[in-house]
Structures are given as structure tokens and as C-alpha cells.
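Turn these sequences into a full structure, and let the hints steer you where they fit.
If you're matching them up, the sequences are chains S and Z in order.
Read in order, the letters of the first sequence correspond to residues 1 to 319 in my numbering.
Read in order, the letters of the second sequence correspond to residues 1 to 312 in my numbering.
Quick caveat, the hints were computed from the structure, so don't treat them as lab data.
Think of the CB as a built atom: it goes at the ideal place given N, C-alpha and C, for glycine as much as any other residue.
Be careful, since some hints might not be right.
Said to hold, decoys possible - Here are the in silico distance ranges between beta carbons for each label pair: (1) Z/Ala178 - S/Leu160: 37 to 47 Å; (2) Z/Pro168 - S/Leu136: 33 to 43 Å; (3) Z/Asn65 - S/Tyr126: 45 to 55 Å; (4) Z/Met165 - S/Tyr80: 39 to 49 Å; (5) Z/Ala170 - S/Ile86: 34 to 44 Å.
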Amino acid sequence: MFRYILRRLMIAVPSLLGISLVLFTVLAMAPGDPFSELVSNPNIPPEVALALRQKFGLDDPLMVRYWNWLTAMLQGDWGYSFISRINVETLIMQRIPVTLLLIGSSQLLALCIAIPVGVYAATRPYSIFDQIASTLAFIGFSLPTFFTGILLILFFSIHLDWLPFVYRADIPETGWRFFWEHFKQMIMPVMVLGMFQAGAWTRYVRSAVLDVIRLDYVTTARSKGLSEKVVITKHVLRNALIPVVTLVALQMPAIFGGAIVTEQIFRVPGIGSLIISSMLANDTPVVMAVTFVFSTLVIACNLLADILYGWLDPRISYH
Amino acid sequence: MAGSTLASPTTEGKKPEVTPSNHSPGREAWRRFKRHKLAVVCSVVLGFIVLAVLLGPWVWRVPINEIDFNARMQGPSWAHPLGTDDLGQDLLARMLYGGRISLAVGLAAMLIAISVGVVVGAIAGMSKGPVDAFLMWVTDLFLSLPQLPLLLLIFYLFNDTLKKMIGPEAGVFVLVVAVIGGLRWMPVARLVRAQFLTLREKEFVEAARALGASPWRQVTVHILPNAMGPVIVAATIDVAAAIIAESTLSFLGLGFPPDIPTWGRILFDAKDHMDVAVHWALFPGALIFITVLTINYIGDGLRDAYDPRRVL
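Spelled out as C-alpha cells, the structure:
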């Protein structure tokens, strides 16, 4: 198992390099450059502008620039935010816990809905429950996150006035009240993101369970006299989860996309809303860094999926 | 297959009722598609939306940018069936116009995604060894790119230049379509490659090869037509995904300029006035939802129609 994880780690490094290359290419191909204002500014003599360009290596060959950028990123030197006037890595470190909390709890919610509903629907295919669940799942992943967010705000904040729709980082309460207020303002963002994922995952779980539930080894398990609960949880679910893990890992980029939208709707101060506000304010170092962080998170999730495979199906880790 | 249950009821085996086999594959698929009742209903609904968007502006002749401060943020009425926005502009006219753009973006982005995906998948599937391995590495790399952040990044970096080059509307359209299409080809490429790997070894392709068919002819005449089923399904889903992606961009305020009212853009403008003008946000949102839902159901029906495990 340890060697398997190590091998997976070795595969993750080239993908990370590949992604950094894609990001850098996009940046290098992009028109405009950070010193264009200096050139057109009459107060700055051309030699100064030229010296600045040389100092920051803007005229170096592309490969040299890529190498410098990559080493700086790896050393944690992510540049300086033009707008917030602090280092980008400090800014991201301040914002990232909220994003991780939001994504983590919404995925947990999605799993808690998708696995039981999917399994139950698959054990009774084409029953009323299955049909209702399938329809709801279809609706769930056809509703774009921004529209679900608006609907929830309309209903819970404006109509019922139960939940706040603007996320506040500075809650003046202490103790239990503090946690309660935080919990209350997380409900809607987590629901929006979680319901979207739950819809897609319910379908995956259902069809994956359907694929294994009639296999011979399940019949064998039943005929050994095992209870239905043991058969489903120990024999069926574990094998059905393997394709589900693949699909969930493939969905990760979409989840981060959903997180950006959700944070933007509810003004959650995470890195998703940071990327939008930085774009609107032309804060390139922050935009690049956040994109890089999102890519790293996706790779990390793929790695996690690979490790989960090894646990779900020990045969995989021996190959 | 040890009695596995099929994923949807329509493929459930009806008893083989001795149908003549001279039906073309297309008609066979259509016959199976018709059995998925919801998909048929959704096709009708989607057809209605497309027709309304295409022909609507000729029937409903209210200009999309007629400002009327006496009718600001009004709910639905006979003069304005879907109400008005904060400048008193007619929402029905704006949504009909915006629908053209949303649907056009969806279709064009889908075409790009499918073409790139089919080409990459076909090359990978036909060539063995390093080319295949490299193409699949690139595909997996693109699959693990975070799409929305990258979409936003490319948009952010290239928007101004393209706007200057070919005008604000065409520039944004080209960029949106290219970026959305360029980030969605990977599943298609994998699908096509998988199909190619199995079809390539089938007897009928071997026969063609034995008769001296060139690789190009093998691909275009023998393999590709047989691999199209899953591609058509993926194409349908891609239209829906592209519509969502475009609406998301517009909703974040980064898509089309404000004077082009795509559905996402109307929603973006409406979200700050939700306490006074609910209809303004509800109608475009519901329209995006219904369009995406119907397209997804049609994709589901098509999947049944092209299911390789189908029983007649």
C-alpha cells in the first residue's frame, strides 16, 4: 500500500508540472504586460522602464521566465497583490479555510444524501421511490448553482427571513452563539453546492449498484445466509463505490467551479470570491495564484481518489 | 452479464417481436427514443423554446432596449408579459433575444468540443504506442484543470484584445465559444478512443483492412459511423453544459457586455433587486433551468436509444 501511494505521488508531480505549464502559457500568450503603463507614462524616462523590465526579467527567453516563475511558486513566493497591498500567499492563506470548509461540508452533505438514496433506489429499481429519486436527481443537477442560490435566498432570507444571505466574517458574539451564527450563515451555501453534487452522485451510485447487485457473488453471499444489510454494505456497496470514486474525482473541477459561484452569491470570503474580485480589479498575481491553488487542489483530490481505490479494492494496489 | 439490471426501464427487454431488420440504424434509434416518454415530452418543450427564440422577435416586436422609467421593475402585465427591469425594459423581448445567444453559444461550443474530441480520440485510438500515451496524458491533464477558474483566467487575459480586434459582441462570442468548447472535449476524446479500441479489432474492420482499405477509409467509412452513438449523447449533454457555463460567466459579470441580455446576464442584473422584483430573477433562471433539464432528459433518451446493451 505504501509503495502504491508513493507511485501515485510520483504520477501527480508531472501533472502538476503540466498544469503549471498550461497556466504559464496562458499568461505568456496573453496580450498586455505589467509595465505597459510605465512606457506610456511621460514622467518615467525610457531607460528606467527598460531597467525595470530587465530587473524583473521580462525580456528573458520564455523558458527562463517559466523556470523563474515555477521556482518562485514552489518556494512560496507568490508575488504581491496590487490591490490588497499584502503578499499573495498571506492573502490566500487567510481566505482558503472558508473555501475548504464550504467545499468539505457540502461534499459531506452530498455523500450523506447520495449513497443512501442511490443504494435504496437501486435495490428497488423502477419502484415509486426510485422514480421520484431519479427525477429529483435530474432536477438537482440541471439546476445551475447560481439559480439554486437565488431561489434559496428568495425563500429563506427574503420570504421567511430565517437565514442571513450575506456571509459575515466578523461576528461579534462569543461561545455557542458564535458557532450558531456561523452555522446559520453556512447553511445556504453548503446546501446549494451539496444539492447540485447530490443529484449527480445519486445517479452514479444507483447505476453502479445496479451493475453489481445481480452478480453471482452477491447471490452467493445471500445464500450463505447473510442478512440483507451485510450483503448491501459489505459486498455490494464496496464494489459499487469504485466507479463512483472515479466519477467523483472527475467531477472535482466542476465542484470548484460551483464553489466560486456559491461564494460569489453569498459573498463568502473564500478564494472563489477572491478570484472574481481580483479579476474585476485587474490584480493579476492574485488571479494566477488562485488558479494555481485550485489546480493543486484538483490534483490532490485525484491523488486521494487513487488512494481510496487502493483501499476499496486491494487488488489495484498490487499491480 | 449475470442478469445485471439495465440502468433505465426503456431498454428492458420487450419480447423480440420479429421486426424486419431492414430499418436503418437511425430509424431504429428513433423507435427506441420514442419509448422514453419523458424524453419525447422534453423534445417538444425544447422545440417550443427554440422556435420561440428563433421566431419570437418577429412576433413580439418590442425593442429590447426601450427605456421607460414609468414602468420600472413591474411584474407581469398585458403590456409586459414577463414584467420589466430597473430601466423599464421589456423582459420578454430581452429574454427572447438573449436566448438566441445562449443557444448559439451552447451549439457552437458543443461543435468545437465534439470536433476536437473526435479527432483526438480517433488519432489516439488508431495509433498505438507513444502517440496514444501522449494524447491520453494530455487528455487527463486537461481533465484535471479546474475549468471555471481557467475559463475566468483566459477570459480575463484575452477579453480586451479580442474586443478590439473584432468588435465587442463577436469578440466575446468567439472567446466564450472557443474557451468553453476547448475545455470540454476531453470526455468525448476518451469515449471515442475507447470505442475505437474495440471497433478496430472487429471482424468487419479487419475485413476492410484485408481488402486493402486505407486507414483513412477504415476510420471514416467503417469505424467512425459505428462510434457515433455515445458521441451524440455526449454532444447533447455538452450543449447543456455549455449553456450553463455561459450563463455562469455572465452571472459573474464577466461574460457578454451589459447591453447584450443573455439569460445569465439578466439574472446577474436582477440579483440585487430580488426583494422588490422577484419575477426579474425567476423568469430567466427558470428558463435556463428548463432548457438544461430538457436537454439532459433528451440526452437520457438518446442514451437509451444508443445503448450498446439494448435489447431490440
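Going through the hints against the structure:
Range check, Z/Ala178 to S/Leu160: Cβ separation about 43 Å, and the 37 to 47 Å hint holds. Under the hint 33 to 43 Å, the C-beta atoms of Z/Pro168 and S/Leu136, about 41 Å apart, fit the expected range. With their beta carbons about 51 Å apart, Z/Asn65 and S/Tyr126 fall inside the hinted range of 45 to 55 Å. The hint said 39 to 49 Å for the Cβ distance between Z/Met165 and S/Tyr80, and at roughly 31 Å that hint is violated.
A C-beta distance of roughly 39 Å is found between Z/Ala170 and S/Ile86, which places it inside the suggested range of 34 to 44 Å.
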